[in-house]
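If you read the protein sequences in the order shown, they are chains B, C and L. Letter by letter, the first sequence follows residues 1 to 209 of the UniProt record's numbering. Letter by letter, the second sequence follows residues 1 to 209 of the UniProt record's numbering. Letter by letter, the third sequence follows residues 1 to 209 of the UniProt record's numbering.
Calculated directly from the structure, the hints in this document are not laboratory data. All figures in this text were calculated on a predicted structure; none of them were measured in a lab. Beta carbons: idealized from backbone N, C-alpha and C, even for Gly. Incorrect hints may appear among the rest.
So the derived list for chain L, only partly shown, Cβ under 10 Å to chain C, looks like this [stated by the list, open to error]:
| hint | residue |
| --- | --- |
| 1 | Leu55 |
| 2 | Val118 |
| 3 | Asn120 |
| 4 | Ser121 |
| 5 | Thr122 |
| 6 | Glu144 |
| 7 | Ile159 |
| 8 | Leu200 |
| 9 | Pro201 |
| 10 | Arg202 |
| 11 | Phe203 |
| 12 | His204 |
Restraint-style ranges between C-beta atoms, simulated for each label pair [claimed, not checked]:
| hint | chain 1 | residue 1 | chain 2 | residue 2 | range |
| --- | --- | --- | --- | --- | --- |
| 13 | C | Asn65 | L | His58 | 20 to 28 Å |
| 14 | B | Trp196 | L | Pro59 | 39 to 47 Å |
| 15 | C | Arg64 | B | Phe13 | 39 to 47 Å |
| 16 | C | Gly93 | L | Asp170 | 37 to 45 Å |
| 17 | C | Ile89 | B | Glu4 | 51 to 59 Å |
| 18 | C | Leu95 | L | Thr173 | 47 to 55 Å |
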Amino acid sequence: MSIEQLFYLSDLFGVAVFAITGALMAGRKSMDLFGVLVIAIITALGGGTLRDLILDNHPVSWIRNDLYILVASLSAVGTVLWVRLTRPIHESGLLLADAFGLAVFTVIGTEVALQNQVPNSTAVIMGVMTGVAGGVMRDVICNEIPLIFKKEIYATACIAGSLTFILLRDLGTPHWLDTGIAMLVVLLTRVAALRWGLALPRFHLLDRD
Amino acid sequence: MSIEQLFYLSDLFGVAVFAITGALMAGRKSMDLFGVLVIAIITALGGGTLRDLILDNHPVSWIRNDLYILVASLSAVGTVLWVRLTRPIHESGLLLADAFGLAVFTVIGTEVALQNQVPNSTAVIMGVMTGVAGGVMRDVICNEIPLIFKKEIYATACIAGSLTFILLRDLGTPHWLDTGIAMLVVLLTRVAALRWGLALPRFHLLDRD
Amino acid sequence: MSIEQLFYLSDLFGVAVFAITGALMAGRKSMDLFGVLVIAIITALGGGTLRDLILDNHPVSWIRNDLYILVASLSAVGTVLWVRLTRPIHESGLLLADAFGLAVFTVIGTEVALQNQVPNSTAVIMGVMTGVAGGVMRDVICNEIPLIFKKEIYATACIAGSLTFILLRDLGTPHWLDTGIAMLVVLLTRVAALRWGLALPRFHLLDRD
Chain B
1 MSIEQLFYLS DLFGVAVFAI TGALMAGRKS MDLFGVLVIA IITALGGGTL
51 RDLILDNHPV SWIRNDLYIL VASLSAVGTV LWVRLTRPIH ESGLLLADAF
101 GLAVFTVIGT EVALQNQVPN STAVIMGVMT GVAGGVMRDV ICNEIPLIFK
151 KEIYATACIA GSLTFILLRD LGTPHWLDTG IAMLVVLLTR VAALRWGLAL
201 PRFHLLDRD
Chain C
1 MSIEQLFYLS DLFGVAVFAI TGALMAGRKS MDLFGVLVIA IITALGGGTL
51 RDLILDNHPV SWIRNDLYIL VASLSAVGTV LWVRLTRPIH ESGLLLADAF
101 GLAVFTVIGT EVALQNQVPN STAVIMGVMT GVAGGVMRDV ICNEIPLIFK
151 KEIYATACIA GSLTFILLRD LGTPHWLDTG IAMLVVLLTR VAALRWGLAL
201 PRFHLLDRD
Chain L
1 MSIEQLFYLS DLFGVAVFAI TGALMAGRKS MDLFGVLVIA IITALGGGTL
51 RDLILDNHPV SWIRNDLYIL VASLSAVGTV LWVRLTRPIH ESGLLLADAF
101 GLAVFTVIGT EVALQNQVPN STAVIMGVMT GVAGGVMRDV ICNEIPLIFK
151 KEIYATACIA GSLTFILLRD LGTPHWLDTG IAMLVVLLTR VAALRWGLAL
201 PRFHLLDRD
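In isolation and in its complexed conformation, chain B is listed as follows (with noise of 0.2 Å):
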């Protein structure tokens, strides 16, 4: 297997896993399967699909090749037959195959915008879009301030993986190295914000209206 065909499979492994993510929520707000579906697949592919829309970079993805959708719609009726046997949800495992999709969207993301030709600058808010814009539409949808503007250090490490992406690139890297040096940046900085409940200080402002 080639690295793009690995890099391929991590993708829709990511997918995969943000769309579980995404039909759990629904899950707990009670919707039904299209409502499932719907807040699976924008949880899945709602930051890339920003990012592309952003950077004029058509077209979309998962418009040609429905590979996306249909990994993102299993997943999720995956995820609500699992519930329905009675199986109990693995969080730890979740939140680990969340730090890897987390991983690799981050860095599709900033290499997309590169390969548009936008500043370092734009290019790791489009990396940091790519992995969390997506949830945050899940959270926004489902009706809830989105957890990652409050809890522990997630998009963070996006950022982290991202710049150590561009400066590997700048240094002249090969692809897989500077790719996995990066998603290992990502992974190991959400891994540890996990561990040691690491968060960023919060900013609280009393409502004085």
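Assemble the complex: chain B is given as a structure, and chains C and L must be docked to it using the hints.
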């Protein structure tokens, strides 16, 4: 009147009906006149706009033809006046009109997608998106979990109609026939769902946070 | 300094002010530093981005010029530091600055739309969208019904300014003059609305569900 003119009129009728549902929701949130206009326009035109952005199908319909915005605005103002004059809102008439609008939007969305050479599965998604995304935006901006992810069969009617349209098209039926039958499928599915309270199974997941 | 430079500076000033209102809202929701940055950036750049996507006006301004993101980020960080040092927030000064930002964004939005050869009615909508959509996104993500759909005249000031700009342009006034007068119309309408509590009539509809 040609078939094209009839279809265009149906499209404007769908815009008007969707705008009314938007204005009513804005009224339930005690918005001011500007809020009523914006929610009405987003409900009526949001689904088609999102579809065109994702398909890179420019110019977006209402950009060059201001009749769409005009019809949506007049419907919103008319709704406010109607309620101010304490005229009753005919719920079942509105639901029937909404089902008709849903049928038109679904067929238009599917057809526009097919003209952009996407796979059939993407065309179905675009048909559903055109039909329901405006209502989802309305509910999200008004701080409600989208109704169509919870209540009786709605998007499922779009899926059925969109699939029917694609199937008949592949069979080579004349345009007025595949359009008409596909619209009828949406309309009848929706009316049957309302009449007998048909709903998709719900996915309940206890919140253990 | 040329008129163009003055206008560019005004634009950046608008970005800074809108970012501050975003950061303050994020603080009211006790978000972490990343959340504060994201909400500030979306509030400052969301309206113009949506306008550019719908008009297919690429590249989106902040994609190639990272000064926009930088100004928004620094404003957000500055706001957090200011509040941490328990300095008071000068409400009426902020409202005045916000009115100025609204005036700049409205004129820019209208002008960009006209350059894309759309009808005047669409240009007005794009002016209003550029002025208010960032604030709407801020409120929706923060789980609030957008304030501008409820409180005293805000978007109406944009509509007045946008119409003035188009009218003067058609009359052939020099660019610095139509820009200046249109901005003044937004500013004065908004200040008058704040001073005398002017508001559009509200549409109250009892929820009978």
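In rising order, the numbers of the hints this structure does not comply with: Per hint list: zero violations.
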